[in-house]
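A.B. asks: Let the sequences and hints guide you as you build the complete structure.
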Amino acid sequence: MEFFAALVEHDFLQRALAGGLLAVIGCGIVGSYVVVQRISLLAGAIAHAVLGGMGIAWYFGAEPIIGALVAAVIAALIIGWVKLRFAEREDTAISAIWALGMAIGILFIARTPGYSVDLMGYLFGNLLMMSSSDIRLILALDLVIIALVGLFYRQFLAVCFDPEFARVRGLHVERYYLLLLVLVALTVVMLIQVVGLILVIALMTLPAAIAGRFINSLAAMMGIAVLLGMAFTAGGLALSYAPDLPSGPVIILLAGLSYLAAAFFRRGAR
Amino acid sequence: MTTALSFKGVSFAFGDGPDVVQDVDLEIGEHEVIGLIGPNGGGKSTLLKLAAGLLKPGRGQVRVFGRPPHEARDEIGYVPQFAHFSRDFPITVAQAVLLGRIGSGSRLRWNAADRAAAARAIEETELDGLAERPIRALSGGELQRVLIARALAAEPRLLLLDEPTSNLDQRAEEDMFTLLGRLSDRMAVVLVSHDVGFVTDFVHRVACINRTLICHGTAELSGEVMNELYGHPVRAVQHEHAHEHGHGHSRRDVK
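Same order as they appear, the protein sequences are chains A and B.
The opening residue of the first sequence carries number 75 in the working numbering; numbering runs sequentially from there.
The opening residue of the second sequence carries number 16 in the working numbering; numbering runs sequentially from there.
These are calculated hints, taken from the structure and not from any lab test.
Hints may contain errors.
[Stated by the list, open to error] Chain A stretches covered by chain B per the calculated footprint, using a threshold of three residues with CB under 8 Å from any CB of chain B:
#, region
1, 142-156
2, 227-237
3, 241-255
Treat the numbers as computed from the prediction; the structure is a model and nothing was measured.
Yeah, the Cβ is synthetic: ideal placement off N, Cα and C, and Gly gets one too.
C.D. replies: Next comes the structure, spelled out in structure tokens:
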């Protein structure tokens with residue numbers, strides 16, 4: 075109740091809730107692709123490599139979130155290229171990109187003059203610091219994701235379901251795959267403010283993984299994943315408010331426990 | 016007779032490796048059912064992928080109804096190995112079959128022609144009752160029919176099937192061959208298998224491949240041919256199966 079009273083009263087809480095709810099829209103859509111494609115390792119590497127871009131942006135006095143956006147897209151394209159060209163050494167190469175991105179980020183942040191970066195906020199998220207410009211960026215990224223998925227839904231479905239068959243039918247499978255990874259990159263950037271880059275993968279995959287256990291179509295999986303993501307984000311924010319806990323880990327805790335409960339329920343139902 | 020698929024002096028190697036397929040010449044007529052058999056690694060799946068346009072020959076020429084495969088993709092129905100297929104994808108039978116129409120027609124949404132073609136393919140493969148079922152709830156034989164229906168949705172004139180008999184029980188195998196027999200009235204069918212069991216009753220012609228084409232024709236597969244094909248002595252065992260339909264076929268298993 076304390077949370078609801080505060081929500082009516084405080085702008086920062088309203089911005090936190092609005093930003094969180096908007097971010098999980100793109101997250102539920104793209105997370106469903108990550109789950110059915112089983113590319114959470116790739117998504118994890120993109121999320122962590124983002125720190126490199128943020129560190130560089132910080133060092134040169136630019137907006138860290140812009141650095142994150144550029145780094146996420148570059149990391150997605152490099153990782154996609156590695157995956158498509160060097161499939162047999164894929165996991166080592168992806169882990170290397172993961173670690174390299176983080177190392178570059180930490181080095182640049184350490185060398186930034188007058189260092190006063192709240193690194194923890196980017197690692198674990200800080201919904202309560204959501205600004206109006208953050209919300210506008212999240213909204214823009216949501217629109218890009220919805221437009222691209224709306225435009226290429228059938229093509230993405232065909233490529234995820236059976237890339238070999240899609241290739242026989244003349245689809246440019248590699249192009250759609252890289253585009254999908256770019257969507258993952260945009261989603262990572264949206265979620266950094268919500269749960270931080272370390273917990274991004276959990277919020278991207280857990281709602282979709284829960285939905286996938288009960289749903290028989292990718293579109294419905296996306297819809298349920300968005301609703302679940304909204305419930306976890308709002309619930310996590312509300313639960314964390316009164317005891318003054320960081321909201322990101324509480325959101326992920328809710329999602330993780332729900333995933334375990336769904337797995338248990340599904341097993342029990344068999 | 017119109018030629019549906021032709022290989023002329025076709026060789027293929029992965030990267031700088033040795034030829035997996037070497038100097039293959041083969042022509043398949045428009046209503047033929049042909050079995051491509053040979054040992055694992057013998058190049059039969061590679062030959063099928065060359066026909067589907069998934070691979071490009073290093074030397075020689077592959078033609079589907081007189082055109083390169085990538086230009087004739089609307090003529091080609093491709094059925095991958097169902098045994099390796101991921102079953103936990105959230106998709107129903109009807110949605111999976113509609114995906115057979117991807118790459119032709121409207122780029123944005125399924126149109127009436129797409130839906131009609133998918134419905135015909137579902138009916139032809141006797142999947143009507145399963146259309147809204149998720150693929151995770153299907154048996155091996157049912158999933159195999161879904162993949163055939165998806166290929167048929169594009170209304171091809173050449174159907175290519177990779178290992179369609181592996182992991183099927185005998186009843187499902189029989190049903191599949193009955194279906195393929197019906198389909199051969201309007202299209203050429205090429206089956207790949209390491210199991211020579213199906214060659215007896217169901218295909219018009221057999222092509223044996225172990226890197227090169229060792230035999231092709233309707234002649235009995237002799238022990239010598241099998242030895243040459245598989246690289247070691249092959250024990251051929253005759254099985255007589257009593258079927259519900261009241262007929263039997265002899266089956267030859269490779270030991």
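A.B. asks: Any hints this thing doesn't respect? Which numbers, in order?
C.D. replies: 1
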